[in-house]
Amino acid sequence: MASLTSGPGTPVPGTPVHVRVKRKTFPAIGGRDENTVLRDVSFEVSPREFVVLTGPSGCGKSTLLNIVAGLDTDYEGQIDLGSANPRMTFIFQTPRLLPWRTIRENLMLSLPDGDRRQDNVDAILDRVGLTEAKNAYPERTSLGMQRRAALARGFIQEPDILLMDEPFVSLDDPTAHGLRELLVDLWNSRPTTVMFVTHDRTEAVMLGTRILRLAAGSASIKADESVRLSPSDRTDREKVQAELKRIFESLPET
Amino acid sequence: MHPARKLSPGGATAERLFWTLTSLATLVALWALAANLTDSRHLPGPIKVLEVLGQEMASGALWANMSVTLVRVACAFFLAMLIGTMIGIVIGSYKRADQFFDSWLVLFLNLPALVIIALSYVWLGTTELTAIMAVAINKIPNVAVQMREGARQLSRDLSEMAQLYNFGPWKTLRHVTLPQLAPFAAAAARSGLALVWKIVLVVEALGGHATGVGHQIHAAFGNYDVPTILAYALAFIVVIQIVEFGVLQPLQSRVNRWRR
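Keeping their order, the protein sequence lines are chains R and H. Per the working numbering, the very first residue in the first sequence carries number 1; after that it's consecutive. Per the working numbering, the very first residue in the second sequence carries number 1001; after that it's consecutive.
Please note: incorrect hints may appear among the correct ones.
Unchecked claim - Label pairs and their in silico Cβ distance ranges:
#1 H/Arg1260 / R/Asp115: 27 to 33 Å
#2 R/Ala242 / H/Asn1166: 27 to 33 Å
#3 H/Asn1166 / R/Gly178: 26 to 32 Å
Simulated from the structure, these hints should not be mistaken for lab results. Cβ coordinates follow ideal geometry from the N, Cα and C atoms, glycine included.
Turn these sequences into a full structure, and let the hints steer you where they fit.
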């Protein structure tokens, strides 16, 4: 898989990503009051850092990711992506594949026509175990396979910044676990700056090099911890659990 | 459970065909019976109608009139699909446009076909183009309403995906937007054909056109010539059903083939 690890044109931007959100408010709609979901959330992400954003549901972590991605521009603050035009990829909470195109066509369409990265499509599909299913329509495959296809579509971009919003939610445990190992594997062979949103603590510790915990309601950052695990420790259930205790019990929820 | 009920697709088709044929045969038998009992010039039996159909075919009149009418159907159909789709997408995508034009749409949907036809001939004269336009205008509001529904249901998730993966406008239209609208367009096309071919005959009858199935039926009506009316109606039904089963149904299953 040399093409995925040492492809040309993948310089690591030397400057960190700066996220500064002073305030993000959703207007009052349908009987709900105006809702400030983020307040004074500021942090930096170093190149090739795997940052996990975690916190209770409704704390605004997905909103924060949408702001970084540029999908949500209605906020007070500033996002500085480091370099002028970084390659940014978003892996969504649902696979968001085009159901009327095959899995392979979905990957091909995610790249410009004739782009050299299109040559890697079959290799990466093989790597995520979709060689058999690549000519199937997404809805005719399992959710786990669709998630793998979405992961492959993200990594085939060779991104500088990879944003992921609970990409393994609503899968059974073994499938989710397999996908996490696949993600670690893909990331190790091509480290990139990652911002990963999850409410699953085990997932946070297993994947992240750093964990940012957001507090509930008008969230600001409550804790910022480095994960002290080597790559091999991350597949060791006991070490993951011990690290989880250290990080999360030092400052309990709410 | 009857084991023979769990049939292969071929068997299911055969069973459906059997029931269709049985039902049609029953209808023809009832028609023949009624014609026999009344024994009236105004209710000819199936044999008589087939004789007239044969004469019209032999003289070439059937095909000449049919082809003229089918060209009008085709032109009006494509015109209505094109304009209706464009209107539907615009009002389905922009809330302001929808709020503004919704009442216009309701007005045109409820405007009787006869009124549209009469006014078209009065204002634009009895030309070929008027005939086609009058038919199309009758159909456009229906297409627009169906396509508006399609445009309203466009997935925001997928357009965000297209935006973040830099699809650009052309790729987004072709691979994201149009496939989502295709089932609505297919449904609009099927209901559209049914409407267009009925209205076309009225337009031909009223416009004083010298050819066309509508003209032929109108002329036959003047003579109380029921066999000719029924012969043309029969021939027309057959042709439209061929288009329905040969073109529109395969098209509809093609645009839906990715579904589970």
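Comparing the hints with the structure gives:
About 31 Å separates the C-beta atoms of arginine 1260 of chain H and aspartate 115 of chain R, a value consistent with the hinted range of 27 to 33 Å. For alanine 242 of chain R and asparagine 1166 of chain H, the hinted distance range of 27 to 33 Å is not satisfied, since their beta carbons lie about 42 Å from each other. About 30 Å separates the C-beta atoms of asparagine 1166 of chain H and glycine 178 of chain R, a value consistent with the hinted range of 26 to 32 Å.
Consistency note: the structure conflicts with earlier hint 2 alone.
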